[in-house]
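Visitor: Take the sequence shown: its letters are residues 27 to 144, numbered as in this note's numbering.
Hints in this document: simulated from the structure, not taken from any laboratory.
By construction, the Cβ of each residue, glycine as well, lies at the ideal position given by its N, Cα and C atoms.
Incorrect hints may appear among the rest.
Stated by the list, open to error - Quick list of in silico lysine to any residue cross-link-like pairs, SDA-like style, CA-CA up to 25 Å:
1. Lys82 / Gly128
2. Lys35 / Gly115
3. Lys83 / Gly128
4. Lys35 / Arg65
Unchecked claim - Taking CB as the label site, the calculated pair distances span:
5. Gly76 / Phe39: 37 to 45 Å
6. Asn92 / Asp135: 17 to 25 Å
7. Ile106 / Cys36: 19 to 27 Å
8. Pro85 / Cys36: 22 to 30 Å
9. Ala50 / Lys29: 24 to 32 Å
10. Thr78 / Phe39: 37 to 45 Å
11. Tyr46 / Ile90: 38 to 46 Å
12. Ala113 / Asn56: 31 to 39 Å
13. Glu41 / Ser71: 33 to 41 Å
14. Asn56 / His93: 27 to 35 Å
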Amino acid sequence: MVKASAPGKCILFGEHAVVYGQPALACSINQRMSIELERENTFDSWRIDGRTFNAKKHPHIEYIRNHLPPHDDQPLHIRIRGTIPKASGLGSSAALSVALCGALQQIRDEPQNLQHAS
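Work the whole structure out from these sequences, hints included.
Guide: Listed below in structure tokens is the structure:
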């Protein structure tokens, strides 16, 4: 099993100014999304918190899954936990995506190159 997490964010000012090329100031917060990945031998599809993966419910995970380089394609059991409130503007979806990418790199024994993380 591998684990990864990522913090939420708060944009202090300039949230809409960045659309016009102006600066903004953001910071991470002490609330996180956490992922646990485990290779699944008893099922033939990915599972999230014990349920069969539903791409419509987790489109950001489906996007990452579809853009993974070819690998062994073994199903995974994904456990998602978080303290970032949904729909709060604190970046829960982005934190989930970053945590998932980190966990997938770990479980696939891929080097984590933070220079190309964005």
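Visitor: Tell me the hint numbers this structure goes against, listed in increasing order.
Guide: 4, 11 and 12
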